[in-house]
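Residue numbers (UniProt numbering), protein chains in the order written: chain V, 1 to 207; chain B, 1 to 207; chain D, 1 to 329; chain W, 1 to 329.
In short, the hints are calculated from the structure, not lab data.
Here a beta-carbon is modelled for each residue, glycine too, at the ideal position from N, C-alpha and C.
Hints may be right or wrong, so weigh each one.
Said to hold, decoys possible - Derived contacts from chain W toward chain B, CB cut-off under 8 Å, selection only:
| # | residue |
| --- | --- |
| 1 | T95 |
| 2 | T144 |
| 3 | Q178 |
| 4 | G216 |
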Amino acid sequence: MTDSKKLIDIIQKISTQIQMDKDYLTELDNVIGDGDHGINMARGFKEVEKKLSDFSNKDIGSILKAVGMALVSTVGGASGPLYGTAFMRAGAAIGAKNEMDGNDFLNAMEAAIEGIKMRGKSHEGEKTMLDALIPAYNAMKKSYEENNDFKAAISKGVEAAEKGVEYTKTIIATKGRASYLGERSIGHQDPGATSACLMLKVIQSSL
Amino acid sequence: MTDSKKLIDIIQKISTQIQMDKDYLTELDNVIGDGDHGINMARGFKEVEKKLSDFSNKDIGSILKAVGMALVSTVGGASGPLYGTAFMRAGAAIGAKNEMDGNDFLNAMEAAIEGIKMRGKSHEGEKTMLDALIPAYNAMKKSYEENNDFKAAISKGVEAAEKGVEYTKTIIATKGRASYLGERSIGHQDPGATSACLMLKVIQSSL
Amino acid sequence: MKKLINCVENVEREMIEGLVKAYPNHVRKLDCGNVVVRAHKKEGKVALISGGGSGHEPAHGGYVGEGMLDCAVAGAVFTSPTPDQIYEGIKAIATDKGVLMVVKNYTGDVMNFEMAAEMAQADGIDVQYVVTNDDVAVENSLYTTGRRGVAGTVFVHKIAGAKAETGADLNEVHRVAQKVVDNVRSMGMALTPCTVPAAGKPGFELNEDEMEIGIGIHGEPGTHKEKIKSADEIAVTLLDKILADIDYNDKEVAVMINGSGATPLMELFIVNNKVHDYLTEKGIKIYKTFVGNYMTSLEMAGFSISLLRLDDELKELLDAKADTPAFKE
Amino acid sequence: MKKLINCVENVEREMIEGLVKAYPNHVRKLDCGNVVVRAHKKEGKVALISGGGSGHEPAHGGYVGEGMLDCAVAGAVFTSPTPDQIYEGIKAIATDKGVLMVVKNYTGDVMNFEMAAEMAQADGIDVQYVVTNDDVAVENSLYTTGRRGVAGTVFVHKIAGAKAETGADLNEVHRVAQKVVDNVRSMGMALTPCTVPAAGKPGFELNEDEMEIGIGIHGEPGTHKEKIKSADEIAVTLLDKILADIDYNDKEVAVMINGSGATPLMELFIVNNKVHDYLTEKGIKIYKTFVGNYMTSLEMAGFSISLLRLDDELKELLDAKADTPAFKE
Ligand SMILES: Nc1ncnc2c1ncn2[C@@H]1O[C@H](COP(=O)(O)OP(=O)(O)O)[C@@H](O)[C@H]1O
Ligand SMILES: Nc1ncnc2c1ncn2[C@@H]1O[C@H](COP(=O)(O)OP(=O)(O)O)[C@@H](O)[C@H]1O
Ligand SMILES: [Mg+2]
Ligand SMILES: [Mg+2]
Ligand SMILES: [Mg+2]
Ligand SMILES: [Mg+2]
Chain V
1 MTDSKKLIDI IQKISTQIQM DKDYLTELDN VIGDGDHGIN MARGFKEVEK KLSDFSNKDI
61 GSILKAVGMA LVSTVGGASG PLYGTAFMRA GAAIGAKNEM DGNDFLNAME AAIEGIKMRG
121 KSHEGEKTML DALIPAYNAM KKSYEENNDF KAAISKGVEA AEKGVEYTKT IIATKGRASY
181 LGERSIGHQD PGATSACLML KVIQSSL
Chain B
1 MTDSKKLIDI IQKISTQIQM DKDYLTELDN VIGDGDHGIN MARGFKEVEK KLSDFSNKDI
61 GSILKAVGMA LVSTVGGASG PLYGTAFMRA GAAIGAKNEM DGNDFLNAME AAIEGIKMRG
121 KSHEGEKTML DALIPAYNAM KKSYEENNDF KAAISKGVEA AEKGVEYTKT IIATKGRASY
181 LGERSIGHQD PGATSACLML KVIQSSL
Chain D
1 MKKLINCVEN VEREMIEGLV KAYPNHVRKL DCGNVVVRAH KKEGKVALIS GGGSGHEPAH
61 GGYVGEGMLD CAVAGAVFTS PTPDQIYEGI KAIATDKGVL MVVKNYTGDV MNFEMAAEMA
121 QADGIDVQYV VTNDDVAVEN SLYTTGRRGV AGTVFVHKIA GAKAETGADL NEVHRVAQKV
181 VDNVRSMGMA LTPCTVPAAG KPGFELNEDE MEIGIGIHGE PGTHKEKIKS ADEIAVTLLD
241 KILADIDYND KEVAVMINGS GATPLMELFI VNNKVHDYLT EKGIKIYKTF VGNYMTSLEM
301 AGFSISLLRL DDELKELLDA KADTPAFKE
Chain W
1 MKKLINCVEN VEREMIEGLV KAYPNHVRKL DCGNVVVRAH KKEGKVALIS GGGSGHEPAH
61 GGYVGEGMLD CAVAGAVFTS PTPDQIYEGI KAIATDKGVL MVVKNYTGDV MNFEMAAEMA
121 QADGIDVQYV VTNDDVAVEN SLYTTGRRGV AGTVFVHKIA GAKAETGADL NEVHRVAQKV
181 VDNVRSMGMA LTPCTVPAAG KPGFELNEDE MEIGIGIHGE PGTHKEKIKS ADEIAVTLLD
241 KILADIDYND KEVAVMINGS GATPLMELFI VNNKVHDYLT EKGIKIYKTF VGNYMTSLEM
301 AGFSISLLRL DDELKELLDA KADTPAFKE
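Looking at chain V on its own, in the form it has when it is part of the complex (with noise of 0.2 Å):
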């Protein structure tokens, strides 16, 4: 599926297409949190790209550690120790590779998920970047499962991911600050779920 020059070049769309969606991502939040989430994804991608040139010899593990890292050190709120956990937990889980193919990718998702689950004392149905990252990683599992084709399971990750960010427009946060508006959170989606289908998108076009 990729190795370590074509992983390195993915954080770097991710990257850009975070500082693009900077506003994007801010305004989501601004509605039923504190506005800050493209602020600090922003930031955090930032701090990642300058450590890009440092990976170029680094096996894959180590670079999405290293990722992790960055983001733990320089993100901040909620998603920081989040995001930090699922890269970091995800490199753990693929460990000192060159090459990951998909059985490794869906490895180190499953990894990073159970990663955010545990700092976030959270699951699925709470308004949160799981409603994304649980279903696609489902749809993808299912259908790699089926086919063996990547390309195709990232597809279906990413349609999963979108549905998701729609379905947590319909419900209640119980996790995260937009818990503190209760009904008030219905209708708005949620800017966690909605930057995690972002770099879902960023893989599959990649690819």
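Based on these hints, arrange chains B, D and W with the ligands on the given structure of chain V.
What follows is chains B, D and W with the ligands alone, placed relative to chain V:
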């Protein structure tokens, strides 16, 4: 010219006029001062009104002194001590009379002006109430000496006061808050000169 | 956006540097980031650390000093600081008596402080923490993140700080801090929103005749909008909600009327005038009152009321000496 | 006009009552009006009285207490109090050592305090006064009222208050107060106007990209408008004007960064960051810094800088104990 009863009536009318022009005077003060002249004067004359019923058996001097005391203790700011002193001095100049003629009025007005000058350490041409009062006094005195007709004299006085108010637009303030504006005070009419002119007009129309 | 700043990226650092330059006898900044510690480290006591996003000044850097905190970590505006910064703070102040973290209950704050604690514990540092959650505007429910930590947190700094200063051990300081958390409740409102510098526009909108009730401290909307009422009516609305939450009957309390940043002190005193009378009518005895800007939200106009139930232990610690840039007793 | 008030006629009284209810151990209100005196009168010292219009909170009621004022008289918002009220204040605090009035240089304040002094002197009370005029924005000229008294006045309260507390006689306390007046200079700016409650609309208008330079403390316009600049540039503009006025070379100074009421502390610290560096570059030594809301203009956003030249006597008095609602040392 007037007796105690008539005087009380005039004071009542001055108060009504001040309440009516409260916003106008405040607006003038907003431009070159701190936007409270109308508020201050209205507060003071409301207090004066409350005292009117106590005045009915008093002589003219006592009434004017009581008006001055009420203004001093409720108006505050610059205009409080100035108008307060003016009325108190006027009362002292007239003394325990129950009637006053044109000469009495002019003596009282002269004493009032001297009181303002003393308290305010000010003189004509500084963009203050004196720029209405002094020309008015001079015109009234001249007219009264020539014709011995108070109605004619107060008309001349009002005319001169109005010119004085106009004149304050052309000069730089060197006393009071407006003096902080320097050149910027030019073009704007002095609120204190305006309120002084209003009072003279009420006297004119009440006779 | 009208602000006295230089560039949105640097507001936090310049703010912290301006603070330590103003009060060099009280505080200094660590080189590693926006971490404020006491100018002179005090050994032999439990070290207290708090922090959170910036924009709440004087919280938390202004409360570093004798009788209160040993360290405050400042994140980006309204954004929790990162674990590495908190970890540096912990290392700088840790004594052999251990470290107590005072964390406001926000997902981000809790997670970042937890990660820092894990890092410090791996170094063998004894770390415990309390989570403040005094905001009664948010319904407490098993199914949510729980209530927010707001201005009542300052009472935790003051009282746990005083306890730590006595040389008490970590369990004792933790117990007292938790006692304050258990006995303090707050509720806030806003007349105007505020603008995160990096965002450039207000967190919500309000009409000229509207106010936001049940506001937090991060510029987010409150529980609902209402037509503006008189100061007295607003004070009673907030108080009623607080008084319904825990039993204040016949209790002695400390009162905090906390300005949100752009509220004139005149208005806070007018609010206190009613708060005092209303509590007195209800037979609640006011032991001490604090009126001012203690936990702000940038240039938001509004205020919160905090009520802390007191016992003899808390009274004594509340009255104990404090000497910090923003809180002196 | 969005304000936390009940009715515009009562703001001053309710504010003063809210203050004394918050700090009953420090202050009480005279029945006759909005006059605040110490809760416990101290004999054997020169009594200090100050005051002015309301709207400058915590000035002046917040500075009544040990080491500072004995009495503060609050007029209507931005309007000097009346002589009868000041006279009641003087009578309440007068000791056989006499009374010092600290008056800000406004025509109204000076006249009303003078009339009160005449009334008290007629009773045989020994009254002297100083007039503060620290605002360098206004050109000093023989042909004007002279400069305005602004935030530097708080240094007079602090230092003359400390001197009075030593039991010094009236001439001595007057000398020290005058020394502060002679050595303190201030300059301010505003990002937004403020609204006198009784007026209901702002004292001036400013575009989104404009600021007012050389502002006073009564919501009146400043000397001129400018396009908004960075915090650093604004700080330098104000400082340059102050430094050009009297000689600060090689002097030690006290610095006050004073918020106008709606300025977040974050921004004041950012300003102080520059002020500190700029003065240090110029070789001016900063002895002590005060950052906060000391002399406000209702809900105006903006700030002023005050610089006080110090000698050993002033340093010692500045450091002396003060225990008032709004100023503790
Ligand atoms: N407990 C949690 N578990 C999973 N995701 C969460 C949790 N809390 C918050 N989030 C996610 O974090 C996003 C908000 O991130 P951000 O705005 O950067 O942080 P903060 O809320 O601290 O300002 C939310 O939209 C949500 O998707
Ligand atoms: N020294 C002075 N002598 C005479 N009149 C003065 C003097 N200073 C101010 N005034 C008058 O007082 C008016 C302002 O009154 P007011 O607004 O009520 O008081 P303040 O300036 O204290 O707010 C000015 O318009 C001016 O006419
Ligand atoms: Mg957010
Ligand atoms: Mg005026
Ligand atoms: Mg945030
Ligand atoms: Mg005035």
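Was the hint right that T144(W) lines chain B, CB cutoff 8 Å? holds (4 Å)
For the hint on G216(W), does the least C-beta distance to chain B fall short of 8 Å? Constraint on G216(W) satisfied, holds at 6 Å.
Quick one, is the Q178(W) hint okay against chain B at 8 Å, beta carbons? Since the shortest Cβ distance to chain B is 20 Å, the answer is violated.
Double-check T95(W) for me: the hint is only fine if its C-beta lies closer than 8 Å to a C-beta in chain B. violated (25 Å)
The earlier numbered hints that this structure contradicts are 1 and 3.
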